[in-house]
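Trainee: The numbering used here applies: residue 282 is where the sequence shown begins, and numbers increase by one.
Mixed in with the good hints, there may be bad ones.
[To be verified] Below, simulated BS3-like cross-link-like pairs (lysine-lysine); rule was C-alpha separation at most 27 Å, straight line:
#1 K481 with K515
#2 K447 with K420
#3 K568 with K424
#4 K424 with K465
#5 K561 with K447
#6 K420 with K465
#7 K568 with K465
#8 K481 with K424
#9 K465 with K561
#10 K561 with K515
#11 K465 with K481
#12 K568 with K420
[Unchecked claim] What follows is a list of derived Cβ distance ranges for each label pair:
#13 D458 with P484: 45 to 51 Å
#14 C427 with K447: 33 to 39 Å
#15 S435 with R549: 23 to 29 Å
#16 A457 with I352: 22 to 28 Å
#17 A517 with S454: 24 to 30 Å
#18 W342 with A439: 41 to 47 Å
Since the hints were derived computationally from the structure, they do not count as laboratory data.
Cβ coordinates follow ideal geometry from the N, Cα and C atoms, glycine included.
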Amino acid sequence: MGKALRGSVYVQWLVVMMALIPIVLVLLEALIFGIDVNEVNWYRMGIGTTINVLVANWVYWRVRRIEHVLIDVVETKESFYTMVTHDLKSPLSTILMATEMANASKDCTAEIEMISRQTTGMLKMVDDLLCSQAGKAGKLNLKVGCVAVREALSPVLATVATTMHKHGINIISDVADVTCLCDKDRLSQILINLISNSIKNTPSGGFIAIHAQLSGDAVLFMIEDSGGGIAREKLASIFTSYETDGKFGGHGLGLSIVKSLVEAHHGRVWAESVIGEGTKIFFTIPKHIEGA
Numbered sequence: 282m283g284k285a286l287r288g289s290v291y292v293q294w295l296v297v298m299m300a301l302i303p304i305v306l307v308l309l310e311a312l313i314f315g316i317d318v319n320e321v322n323w324y325r326m327g328i329g330t331t332i333n334v335l336v337a338n339w340v341y342w343r344v345r346r347i348e349h350v351l352i353d354v355v356e357t358k359e360s361f362y363t364m365v366t367h368d369l370k371s372p373l374s375t376i377l378m379a380t381e382m383a384n385a386s387k388d389c390t391a392e393i394e395m396i397s398r399q400t401t402g403m404l405k406m407v408d409d410l411l412c413s414q415a416g417k418a419g420k421l422n423l424k425v426g427c428v429a430v431r432e433a434l435s436p437v438l439a440t441v442a443t444t445m446h447k448h449g450i451n452i453i454s455d456v457a458d459v460t461c462l463c464d465k466d467r468l469s470q471i472l473i474n475l476i477s478n479s480i481k482n483t484p485s486g487g488f489i490a491i492h493a494q495l496s497g498d499a500v501l502f503m504i505e506d507s508g509g510g511i512a513r514e515k516l517a518s519i520f521t522s523y524e525t526d527g528k529f530g531g532h533g534l535g536l537s538i539v540k541s542l543v544e545a546h547h548g549r550v551w552a553e554s555v556i557g558e559g560t561k562i563f564f565t566i567p568k569h570i571e572g573a
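Working from the sequences, and respecting the hints, build out all of it.
Mentor: Pasting the structure below:
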């Protein structure tokens, strides 16, 4: 950060120096050739000064723009390292503790289940990192086919049922009998990520509703929760990598991956929310994908 600011100061000095160069050159010309200062071509000098100032200012603002980009990259990298350090260290510590307990116990069933659960969580995080990177590089591989939405939703609900029951959250399913052209596994990944994020913000006794219906040439999905909601100014950033606002804990990749997967299907995703009234996240999957 400090180097970037020093770079801005150097560029500001460059602007001043470039403005002075035409004046110095003209005065040297007058001195060398014995020209009276009153006869100096001040008009030519003024044009030269103006051009130099314009060029220097263009360079200055380009450098400032690059500086801001670099600062964003550094901050993202620092956020990433913090996330990896915390989210990998925590399950590894749990696995180590469970291993020590297993060594001291005759019945290791509980410890083995703990190790399995933590290892599965770590594998999911690694898969999320790989998926996020592939999405940014435009290299997501989709196995597109005709998918019945109700059929795709059934295993998703089975996956999140235990967690929702544990948190005392009711599930509402309002899914029309529709089909879309998509990668079934990726659609499941989208739904699981969205439902998991809603679980983190929905209090006990609340609900999460899943809607899907035909809307023009696409299937419109909506995941609605009765949580605390998201501030309007933060709605646009929740789909950014490593964004971990109070509502969305964890490593901050879930919604970024959702965005990448939806856009890979030529759909779009957006959110609506009111503080104290919950959040609705919408996404569309076209019934027909160009080139499919």
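Trainee: Which of the stated hints cannot be reconciled with the structure, identified by number in ascending sequence?
Mentor: Structure breaks hints 2, 8, 13, 16, 18.
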